Every structure is written in C-alpha cells, then in structure tokens.
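For chain A, the structure is supplied; the task is to place chain B on it using the hints.
Number of protein chains: 2
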Amino acid sequence: MLSLQRFCASVEYDGTDFLGYQIQAQGRTVQGEIEAALAKLTQSAVRIDGAGRTDAGVHATGQVIAFNLAWRHTQHDLHRALNATLPHDIVVSKLTTTNRDFHPRFGAVSRTYRYQIVNRQWPAVLLRRYAWHVKQPLDVPAMNRASQTLLGQHDFASFGKPPQGNNSVRHVTQAEWLQPDGQEPSLLNFYITANAFLYRMVRNIVGTLVQVGLHHLTEADVADILSQKNLRLSAPPAPAHGLCLIKVTYPDRPKSNG
Amino acid sequence: MLSLQRFCASVEYDGTDFLGYQIQAQGRTVQGEIEAALAKLTQSAVRIDGAGRTDAGVHATGQVIAFNLAWRHTQHDLHRALNATLPHDIVVSKLTTTNRDFHPRFGAVSRTYRYQIVNRQWPAVLLRRYAWHVKQPLDVPAMNRASQTLLGQHDFASFGKPPQGNNSVRHVTQAEWLQPDGQEPSLLNFYITANAFLYRMVRNIVGTLVQVGLHHLTEADVADILSQKNLRLSAPPAPAHGLCLIKVTYPDRPKSNG
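Which chain is which? The protein sequence lines are A and B, in order.
Heads up, the first sequence stops at 263 in the working numbering, and the numbers go up one at a time, no gaps.
Heads up, the second sequence stops at 263 in the working numbering, and the numbers go up one at a time, no gaps.
Don't read these hints as lab results, they were simulated from the structure.
Just so you know, these numbers come straight off a predicted model, no measurement behind them.
A virtual CB, placed ideally from N, CA and C, is assigned to each residue, including glycine.
Hints may contain errors.
Lysine-lysine pairs mimicking DSSO-like chemistry, simulated, CA-CA at most 30 Å apart [stated by the list, open to error]:
hint, chain 1, residue 1, chain 2, residue 2
1, B, Lys252, A, Lys140
2, A, Lys45, B, Lys140
3, B, Lys45, B, Lys234
4, B, Lys140, B, Lys252
5, B, Lys234, B, Lys252
6, A, Lys45, A, Lys99
7, A, Lys252, A, Lys166
8, B, Lys252, B, Lys166
9, B, Lys99, A, Lys140
10, A, Lys45, A, Lys252
11, A, Lys99, B, Lys140
12, B, Lys140, A, Lys252
13, B, Lys45, A, Lys140
Output of the computed footprint for chain B on chain A, the stretches with three or more beta carbons under 8 Å from beta carbons of chain B [stated by the list, open to error]:
hint, stretch
14, 16-22
15, 128-139
With the rest of the complex left out, here is chain A (with noise of 0.2 Å):
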C-alpha cells in the first residue's frame, strides 16, 4: 500500500469565472476544480488546503495550496498531470513534496495583494479583466499619503469582518501604489501586506483610498475611519477583478524531499 505524501503547489487562476476560491454546494470554484482534477488523476476523493479564501471574480498568482496524496510516480509526473487536467483557468506553477503538518493558511506568516485600476477617459480593452476602470483622474500622491495611515498594527474593523471569531487586529507593513513602467501609461498598481487580512479588507481599503484620490475624503477622514472601528464608514469596497493574491510567506519554505 502506497504511503500518503504532502505536498505543496503554488497555484495561478484568473478569478473570472469562478464564484470564488472555496468550494460550494453548487456552482464552478477553484478549490472544486482542483480537488476534481486530483479525484480525476487518482480515482479518490482529495481534499486540499488554500492560504486565502478569494471572493468570487478575484484572481491569484500566488495562491499556495496543500494536499496529502498517495501517488506512484514522479513529483514531476504529477505536476504535469495536474496541468493536463485542471482547467485553462488555473495553473499549477510549483509542486513540492512538503512536512505532514504544514497548512498553507495557519502557517503563513503574509500575505500580498495587488489591487490595479486603470485611471483613463475610457476602458484598457486588455486590462478589463484584470483592473478596475475609474475615469475621473486621482491625485496618487495623496492616496499614497492616506497609505501610511493603514502601517503598523491596527483594528481594521472599520474595513472588515474576521472570517472567524471577532479579533479584527491586523499588522499591515506595505501599503503603496506604484504605476509600473510599461505600454500601459495610466496604470496603477496597489500592493498591500499583511499577516493576515479581514473580509473583503483590501477592496474596501482600496474604495475608500480611491475617494481620496477623488478629493472626496481627506488622508485625516482615512485616519479617523480607522480609528473608529466601524465597517459602515468604510467607502464602497472596489470590485472584485482588480484584486490579485500575488504572494503567502511562509517562515521558511516548506522542505521538499522530493
């Protein structure tokens, strides 16, 4: 009898057509398509852990999953088998084999988000997928300054719910937008860290961040939302398909013997 391994995959997928990462009674997710896809390779039912339950349209380029499976061949066999499998919408970029108690989400240390908007008259037809369109010009110096308001440990419930219990303290160490160098002149480009983040946090971050670039809130409003702990002062949460999960951080990286 063959004895189970864990392994550990980095996982891409465009959030488009997905109801979200987490499995569901009905309708098409990304934690349903890989447990598919690996019932599929081994004719057994495969439960995987995620490092961060995305909503629904919310895409990843660093997802991190892990999964205990009994298999006879290659590592490599098995990644190209599950890239053979899974969908055109996920990828698996990277596989190792990895320690029996690892979990992807309690032993990540961070996470990274990339929040992009295009901030132009009219739609980028090759980014509508990918960045929220706000035509109004936004004053990125003071959206920057509201930023480094959100540094450092705070209760952030004012900008979410935790997915579990009622400890909405979190410790932020990025927060900045930056416009990339590239063909695209009127992108922006979010990244924001945590150890861990709320319910919906960065989307309703990154709505209230944008009134600021929209001179409808001040970075003192930003400070004074803050403080005052209470999600219903928190600005519309920008939509869903300008989010990426693009990296998890783990103390150090799970030990492949394979």
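Relative to the frame of chain A, chain B by itself:
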C-alpha cells in the same frame, strides 16, 4: 443638410474573439463591429479605413481608423456614443476630426508591434490570451543579436508576402527584446517598428528569432535567411495571440478642428 466631417480614431481591441480587423462576408471582425456601431448611431452606412489589417487573434492598443460622418452633436458625444455602442472588446481611446484627405494606412510613416512571450515551464494564467507560452529557456541576448540583423532597409521576402503588388522591401527601425519590470519575471516583449510590414512578417520573424533563442538557429542563419528572399526558409509563424499593434505614426498629427 449636415455636411460630412472626417474623423480619426485610435482604437484598442482584444483580438481573441475576432476573425481579424478586415470585414468579411461572414464572421465577427473589428471593422464590421465598428461599422455596425456607426450605422446604428447614424442610421446610415459608414465605411471606415484602418491603418493595419491585423490577422485573426491579433490585438491592438494603437490601431488608427478614419471615417466620414454627418454628425449633428459634439465630437465628445460621438466618442461617448461609440464606446457605449461598441462591444466590450473594442474601445475608441481617442477621437478627433481630421483633414478630408487623411488616410490612416497610406498616410502612416511607421507601425510598431509588440510580441509577448511567457518563457517559463508552465503557462501564466493571466497572460494566456496575450502572450505565447514557450517552455524551453530562451537565450535572449542571442535573440537580440539576431534582431539587429533585421535593422535597416531589406527585402523581407523570406518573412512575408506583400499585401498587394510584389515589393517586399521594408525599412525596420527598431527590433529588440525587452524584459519589462513587473510581476511576471518570465515575460519577454519584442518591439518591432518599420515603415510598413508584409503579411505575417512579425509572426514569421518572431518564430525565427525564437529558434535562435532555442539555439536551433544562429545569428548568421538569420542573416542568411534574410538574404535568400525565400519565404520557405522562415520558421513557422509565432501564434497570433502574442501580437499587438501598439502604435501607428504620421508625419504630423491629423489636424483637429473639433
């Protein structure tokens, strides 16, 4: 009776779901969709002229078109109405009035195309519509040296057929591979500018340069292929979906009186 004005527009499109730029008896084309939108807005048949007849699957962020129109409202109204009427995979990014004799193809002095490659073992899911996935590692410096061979005025008969006539001499002023800063380190962008291009010329050149990157051809082979003026010597064309028409240049910008 309203007099006809001539309009010039910059157009972006996602080529994925088009049979190409040029209108055909059957099937979805960029020209067909724009002419249908103009017909819907004006209740009359409008013929548009385009700068470049991009192939099926090829994208554009800088296509240029022109058309004559009797329009009773403002130019901004026309711009807004067009974008509201066009499907989501076509956007008019700029609209001006222009001289009566302006022709986007015959008046152009140069065109710039970008060809995108993702060079890593597995596909990059967010770029799958816009970049060719090449899994074997490419020698980019060798590809850049071979690209230099193409600079200047040459008979490019080995890389394409003229759209009409039999003159296959073209003048290439830029041909370089760049690795853009950004989230996806495996992304390679080829930029090529010429006074005009032969049919499939960019894709045939990219297909050949990738053979150099794989060390199946040398820089000297590319010079030899060019000198032989024989289309059968080119490598197979790179796939359409990596290609994007990004810029068309005119001697002076079409004059606006709007």
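Agreement of Lys99 (chain B) and Lys140 (chain A) with the hint, judged by alpha carbon distance not exceeding 30 Å: Distance ~14 Å between Lys99 (chain B) and Lys140 (chain A) Cα, so the pair holds.
Restraint status (C-alpha distance of Lys45 (chain B) to Lys234 (chain B) at most 30 Å): violated, 46 Å
Restraint status (C-alpha distance of Lys234 (chain B) to Lys252 (chain B) at most 30 Å): holds, 27 Å
Pair hint Lys99 (chain A) and Lys140 (chain B), alpha-carbon separation not exceeding 30 Å: With Cα atoms ~14 Å apart, Lys99 (chain A) and Lys140 (chain B) stay inside 30 Å; holds.
Proposed proximity, Lys252 (chain A) with Lys140 (chain B) (alpha carbon, max 30 Å): It holds: about 23 Å lies between the C-alpha atoms, which stays within 30 Å.
Hinted pair Lys140 (chain B) and Lys252 (chain B), Cα distance within 30 Å: holds, 29 Å
Hint consistency between Lys45 (chain A) and Lys99 (chain A) [alpha-carbon to alpha-carbon, up to 30 Å]: holds, 20 Å
Pairwise hint evaluation, Lys166 (chain A) against Lys252 (chain A), where the allowed Cα distance is 30 Å at most: holds, 22 Å
Given hint Lys140 (chain B) paired with Lys45 (chain A) - CA-CA distance at most 30 Å: Holds, at roughly 25 Å.
Residues of the stretch 128-139 of chain A with Cβ under 8 Å from chain B, three needed, outcome: It holds: at least three residues are needed, and the stretch 128-139 of chain A offers 6 whose Cβ sits within less than 8 Å of chain B.
30 Å limit on alpha-carbon distance, applied to hinted pair Lys45 (chain B) and Lys140 (chain A): Holds, at roughly 25 Å.
Given hint Lys166 (chain B) paired with Lys252 (chain B) - CA-CA distance at most 30 Å: holds, 22 Å
Of the numbered hints given earlier, the model fails hint 3 alone.
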